[in-house]
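Line by line, the protein sequences give chains Z and S.
Just so you know, the numbering used here puts 119 at position 119 of the first sequence, and the rest follows in order with no gaps.
Converting from the second sequence to the numbering used here requires adding 1000 to each position, the first position being numbered 1.
Mixed in with the good hints there might be a few duds.
Unchecked claim - For lysine-lysine, the following DSS-like pairs were computed, each having C-alpha atoms within a straight-line distance of at most 30 Å:
| hint | chain 1 | residue 1 | chain 2 | residue 2 |
| --- | --- | --- | --- | --- |
| 1 | Z | K145 | S | K1112 |
| 2 | Z | K55 | Z | K180 |
| 3 | S | K1104 | Z | K145 |
| 4 | S | K1112 | S | K1098 |
| 5 | Z | K170 | Z | K55 |
| 6 | S | K1098 | Z | K145 |
| 7 | Z | K2 | Z | K180 |
| 8 | Z | K2 | Z | K55 |
| 9 | Z | K170 | Z | K180 |
| 10 | Z | K145 | S | K1004 |
| 11 | S | K1104 | S | K1077 |
| 12 | Z | K175 | Z | K2 |
| 13 | Z | K55 | S | K1098 |
| 14 | Z | K55 | Z | K175 |
| 15 | Z | K170 | S | K1004 |
| 16 | S | K1112 | S | K1077 |
Because the hints were derived from the structure by calculation, they are not lab data.
Note that the coordinates shown come from a computational prediction; the quantities given were computed from them, not determined experimentally.
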Amino acid sequence: MKTRYFSTFQLFLMTLFAVLIVVAKIALRLPLQLSGHSGVFWMAIIIVGSRVVPKIGSASLIGLLSGILASFLGLGDFGAINTLLSYTMIGVGTDLALLLLGNPENLFVAGIAGALGHFCKFLVKWAFGAITGAPVGFIALGLAKAIVGYIVFGAIGGILGGLTLIALRKAGYFKYLQEKK
Amino acid sequence: MNQKVRVIIAIVIIIVLVGAVIGIEYLRGQQIAAQIDASLEPGDIPVYWNGNLRAAFSPTDIDNLPPASFQDAEEGKTQDGWLLKDVIMIYFNENQFKDDTIIKVISTSREKSVDLTWEEVANTENMVMFDLSGRGTLKLVSLLERLDVRDEWIQDVDRIEINTR
């Protein structure tokens, strides 16, 4: 019998991470009036998810699943397609970054992967605007601030994810997962 | 390839992507500048008074205005920015407006617009204001019933028309 790339258990775990992203997006409100601040918890969840299911494409699938959920729940200011693509691209960007950088339990790697993954969300939002002929952004006031926000909060989220992974390893969670495959 | 090289490559990728965004946005600005009124800068939002271009506001103009904010009922997010009334008052006097003066806020790219009366705009309880979106464009948000959810907001505002007739 042909073995599937992701086991049912892994798909179940990834779905849980996707739900966690959407719930966090709705429920957690950081009192920061800065673009991209949701990256703090978002990237932490994605980074943890990509290691709990240590296969290429796991972050992308978590992103896609969370994007589908968020689109149906009507999240985001720029419509369902924008929401779906931006959520998915966070996962794709994180996957590509981890493919290049390796293990996110190294906090430096986790930070850069978080920054790169989260910046992909900004790229989708910006590209949509450029393609649909949106007015040129106020570069000094909005665009530059948004770029920095997405990178910094993504990096912080990545580091938090890395710290969570280290804590999970110490707690023996990965040994438990190996038994559950 | 060792870890150090991989990290450097990742940082270079981020820098290149940031540079590409700013570069493309700059080129878009140059392209738009060739098409718009010579007195406007790319990214400026023109304000028309009875069909005549009377003003255009830029980031520096609105950055100095008093901040305003409210929590939207739909997602509970804080919308913060600058009141439309304060933006208009940079260029006009209050006595130029009557309660029924129409202020049309337009987004050409999204093919959306809303007609507001001066009475609605001037009432600060309605919180008719601009919020800066993540990509640096302005969106019109409000507590007014016909402008209080995302579908009704005017994202990517690029023109304001004031009609007193």
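Here is how each hint holds up against the structure:
Proposed proximity of K145 of chain Z and K1112 of chain S is supported: the alpha carbons are some 26 Å apart, at most 30 Å. About 16 Å separates the Cα atoms of K55 of chain Z and K180 of chain Z, which keeps this hinted pair within 30 Å; it holds. Pair hint K1104 of chain S plus K145 of chain Z holds up; C-alpha atoms about 29 Å apart against a cutoff of 30 Å. At roughly 25 Å between alpha-carbon atoms, K1112 of chain S and K1098 of chain S fall within 30 Å of each other, so this suggested pair holds.
Of the supplied pair hints, the one linking K170 of chain Z and K55 of chain Z holds, its CA atoms being roughly 21 Å apart against a limit of 30 Å. A C-alpha spacing of about 38 Å is found between K1098 of chain S and K145 of chain Z, which places the hinted pair above 30 Å, so the restraint is violated. This hinted pair checks out: K2 of chain Z and K180 of chain Z have alpha carbons roughly 20 Å apart, not beyond 30 Å. With a CA separation close to 18 Å, the supplied pair K2 of chain Z and K55 of chain Z stays within the 30 Å bound.
Our distance criterion of 30 Å between C-alpha atoms is met by K170 of chain Z and K180 of chain Z, whose separation comes to about 18 Å. A hinted pair counts as satisfied when its Cα atoms are at most 30 Å apart, and K145 of chain Z with K1004 of chain S qualifies at roughly 28 Å. The suggested pairing of K1104 of chain S with K1077 of chain S holds, with an alpha-carbon distance near 25 Å, which does not exceed 30 Å. Distance hint between K175 of chain Z and K2 of chain Z is fulfilled; the C-alpha atoms sit about 26 Å from each other, no more than 30 Å.
Between K55 of chain Z and K1098 of chain S the CA atoms are separated by roughly 65 Å; this puts the pair beyond 30 Å, and the hint is violated. Under the criterion of a C-alpha separation no larger than 30 Å, the hint pairing K55 of chain Z with K175 of chain Z is consistent with the structure, at around 16 Å. A hinted pair counts as satisfied when its Cα atoms are at most 30 Å apart, and K170 of chain Z with K1004 of chain S qualifies at roughly 26 Å. A hinted pair counts as satisfied when its Cα atoms are at most 30 Å apart, and K1112 of chain S with K1077 of chain S qualifies at roughly 22 Å.
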